[in-house]
Amino acid sequence: MKLSVWTYEGPPHVGAMRVATGMTGLHYVLHAPQGDTYADLLFTMIERRNHRPPVSYTTFQARDLGSDTATLFKDAARDAYERFQPQAMIVGASCTAELIQDDPGGLTEALNLPIPVIPLELPSYQRKENFGCDETFFQIVRALALPMERTPEITCNLIGPTALGFRHRDDVEELTRLLSDIGISVNVVAPMGSTPADIARTGAAHFNVLMYPETAEAAARWCERELGQPFTKVVPIGVGATRDFLAEIATITGLPCKADESRLRLPWYSASVDSTYLTGKRVFIFGDGTHVAAAARIARDEMGFEVTGLGCYNREMARPIRALAKDFGVDALITEDYLEVEDAIRELQPEMILGTQMERHIGKRLGVPCAVISAPVHVQDFPARYSPQMGFEGANVIFDTWVHPLVMGLEEHLLHMFRSDFEFHDDAGASHHGGAATARVEDGGPAPQTPRSLPAEMKEEAQVIWLDDAERELRKIPFFVRGKARRNTESFAARQGVSEISVDTLYEAKAHYAR
Amino acid sequence: MTVQPTPPPQGGCRNAPVLKERGQREVFCGLTGIIWLHRKMQDAFFLVVGSRTCAHLLQSAAGVMIFAEPRFGTAILEEGDLAGLKDANQELDREVARLLERRPDIRQLFLVGSCPSEVIKLDLSRAAERLSQTHAPRVRVLNYSGSGIETTFTEGEDACLCSMVPVLPKTDARELLLVGALPDVVEDQMVGLLEAMGIGPIRLLPARKIDDETAVGPNTVFALTQPFLGETAAALTGRGATHIAAPFPFGEEGTTAWLSAIASEFGVDAETFAAVTDAPRARARKAIAQASEGLNGKSVFFFPDSQLEIPLARFLTRECGMTALEVASPYINHALHGPDLDLLPAGPQIAEGQDVEKQLDRARAARADLTVCGLGLANPLEAEGLTTKWAIELVFTPVHFYEQAGDLAGLFSRPLRRRGLLKLEAAE
Ligand code: SF4
Ligand code: SF4
Chain X
1 MKLSVWTYEG PPHVGAMRVA TGMTGLHYVL HAPQGDTYAD LLFTMIERRN HRPPVSYTTF
61 QARDLGSDTA TLFKDAARDA YERFQPQAMI VGASCTAELI QDDPGGLTEA LNLPIPVIPL
121 ELPSYQRKEN FGCDETFFQI VRALALPMER TPEITCNLIG PTALGFRHRD DVEELTRLLS
181 DIGISVNVVA PMGSTPADIA RTGAAHFNVL MYPETAEAAA RWCERELGQP FTKVVPIGVG
241 ATRDFLAEIA TITGLPCKAD ESRLRLPWYS ASVDSTYLTG KRVFIFGDGT HVAAAARIAR
301 DEMGFEVTGL GCYNREMARP IRALAKDFGV DALITEDYLE VEDAIRELQP EMILGTQMER
361 HIGKRLGVPC AVISAPVHVQ DFPARYSPQM GFEGANVIFD TWVHPLVMGL EEHLLHMFRS
421 DFEFHDDAGA SHHGGAATAR VEDGGPAPQT PRSLPAEMKE EAQVIWLDDA ERELRKIPFF
481 VRGKARRNTE SFAARQGVSE ISVDTLYEAK AHYAR
Chain R
1001 MTVQPTPPPQ GGCRNAPVLK ERGQREVFCG LTGIIWLHRK MQDAFFLVVG SRTCAHLLQS
1061 AAGVMIFAEP RFGTAILEEG DLAGLKDANQ ELDREVARLL ERRPDIRQLF LVGSCPSEVI
1121 KLDLSRAAER LSQTHAPRVR VLNYSGSGIE TTFTEGEDAC LCSMVPVLPK TDARELLLVG
1181 ALPDVVEDQM VGLLEAMGIG PIRLLPARKI DDETAVGPNT VFALTQPFLG ETAAALTGRG
1241 ATHIAAPFPF GEEGTTAWLS AIASEFGVDA ETFAAVTDAP RARARKAIAQ ASEGLNGKSV
1301 FFFPDSQLEI PLARFLTREC GMTALEVASP YINHALHGPD LDLLPAGPQI AEGQDVEKQL
1361 DRARAARADL TVCGLGLANP LEAEGLTTKW AIELVFTPVH FYEQAGDLAG LFSRPLRRRG
1421 LLKLEAAE
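Residue numbers (our numbering), protein chains in the order written: chain X, 1 to 515; chain R, 1001 to 1428.
One thing to keep in mind: the hints can contain errors.
[Unchecked claim] Now the in silico label distances, taken between C-beta atoms and shown as ranges: (1) R:R1098 to X:R495: 31 to 37 Å; (2) X:K364 to R:K1086: 35 to 41 Å; (3) X:D468 to R:K1170: 55 to 61 Å; (4) R:E1393 to X:D504: 54 to 60 Å; (5) X:R365 to R:R1126: 34 to 40 Å; (6) X:H404 to R:E1393: 28 to 34 Å; (7) R:D1184 to X:T276: 48 to 54 Å; (8) R:T1237 to X:T71: 35 to 41 Å; (9) X:L255 to R:L1421: 48 to 54 Å.
[To be verified] Capping the alpha-carbon separation at 25 Å, the derived lysine to any residue pairs in SDA-like fashion look like this: (10) R:K1423 to X:P383; (11) R:K1389 to X:H378; (12) R:K1020 to X:Y81; (13) R:K1358 to X:Q61.
Derived by calculation from the structure, the hints in this document are not laboratory data.
C-beta: ideal position from N, C-alpha, C; glycine also.
Produce the entire structure from the sequences given, and follow the hints as far as they go.
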């Protein structure tokens, strides 16, 4: 038993729903109690889908348990077939139905429906949403995909995008464009946008582009083994990764794979003078393994940020993320407990978080700006405009998205210069974020004499106290660097064995850390 | 003194045939009530003993995760708990001890049963007794079921309040007990109106804090503020209290009828009643008239959701000029919904339970001007050209009593107004 409040991932049957909802012509019959129908709103509200997910729930009740939940399942499966006339069906159990062991697969088989029925075994008490996507898609591919002759021209499948995925819709479009640039057309995109009949012809492609290892790696491996299709290992998020991805495809196909980079703006934007203000910004990165790995590389190599910490919530990616963290010289945080993430952020005091909607809330509470880079996300992260993460346009989008929460370069300069000005004072926040102007509080509020616990690295000197003057001086430092100043000063004080921080300590620390 | 609403000339719906369906139900389970109950009871924590699905439901229904550590959570059962490798009771005791240590502000703890905990027959009432002993006197531990196999959406609040009835202190005083979780501002208005008539002492269930003086006994009379509290009403009756049946306090008419039923129980005279209610009644009428302009002459179709459907249909038909085509409720309880059914003009199909596919067919055929349904159905129906109102907002928004009557009408008229305002059709 484990106490949990907010979770990064739903149960595995929600992963199966993401696969089914992305597809057409497939229906999912789910043995589940009525409350589990809440999952429909993830798709209809958060993603604003204009269709109900293709899911029939048996909605058994307590009084059915003694009698015949199996009949209920069979009726639901038969009704669903008759009403929706799908090309194929997936059947399975949610956490509660798993306990009553009705065997949805066997029950549906007994109905002799004239379509393929694919039973899913998703262990609800061990695994989670991403596993549910991966396993469901794998089972569908395994059941439907056939070995067949390759297309005469070089084609690939794009595999991995699902309903409720972070920017999957636009990533598909961007990659399709990028691939067509280099003369490769797309055979099938799956699961999103495909039908069971499309899955059957995935074998015609020469190779697979594995867009999201979280949702389609098992299928990619199976296709490699059974259909002889190699798959790409590089996820093309960021400039460097996109170029590596093209190089990988060149190796697979023997084509030159020279893409047109005229639409790519990130490199110049990062190199232009305004971006000097981005240099060395301390960022903390958390999300699913794939997006975190991509974000870390972009942050360091393409934006000039300093990565102060990173981690992921999906344990399946723990190994690569640990290796990555080592490369970045930081500790990896592998956890599904957002309170641990919050603690890590509080301790590291980054200037920006790159995270999920959970970290957005953490950022709100701690006053640290946050840009969203990974699922889980909420309604505002399904934008109306085209905003991929992958490919060259994805890199442009990422530059804009990450810079937006920060103060603009020239504005930062003004804030430094007029830091106690009535208009440029720091409680006013960044000028492009709107909101009512906040009047500056003259006396700076009560000086918190409360001892603060220190970052882990100097645990022996557990506490320091800020003297009133120093606290007031600290408050004059603009908000977007104040966290860093506070942390540096405290580390400095601890290392010097000073337990009270005065204005002098503050400036000595500043001199010490000057670079 | 009584101010009785006039029954409709064509007769009401109390004896109308009820369409009872069984099929897929598209509703939340009772766990959802935790979202508003934990805000209401400020010293309570709700610990669901369930699965990752239960945690995910709470998170998705709550929508906004503004609290780092809200006063609810899920003890997620794991493989080991199910396989009997670990003693689930010991695990629970450990999690509860850890939680209470971390949150010294908690004075009452609800262990909330879920489908998985019920299917594996984890006895939470025994666990609650045991934990109560361990953590007394600081914390009182109770249990109820919010599972989807036992409860539908708002029935979770019923089960929660019902679990508190046996532990309410006994009183022989003549007191008015008002039952149902309302937003504080609405609760204050309600109590203000009744106190102005000289009625008291007034007690509330749920009380805001465990130490508040809610008690029950043979001289207690109680009124329900929500139409889904049947089990709680039965439990209170079991402790000797007397129920005041009335239409529910939605809209000017419902509020007046509800207050009047209580006033007559307490012998309030007509002048006093008028003195207290005349001004807010007039305000409410005016507000409804303004807000319901776009509703007049329009039709409405209710999917079953919260058991608020019958009282709300009564409000929309009698005070906003709408025609009801179908009014479906997850459950219909004549003792509670009867007074509203009496007033709801005959005509609509009354339905209990659900087969969502068949009901969708009916809703598409009816093409009501406004379809009231759950979040899972709203956008798909909008995409088919229907105008919808999501039902959950009716539970999360202050809508009771006079001062909210206009807002209540506004909740229904806004979707229609929006449809009127948007000019998005492509040029011919
Ligand atoms: S229906 Fe049952 S399993 Fe599903 S969320 Fe509700 S209590 Fe949990
Ligand atoms: S802030 Fe936005 S993303 Fe976060 S929970 Fe609220 S609505 Fe969802």
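- Message: Hint compliance check: list the failing hint numbers for this structure, sorted ascending.
- Response: No hint contradicted; all consistent.
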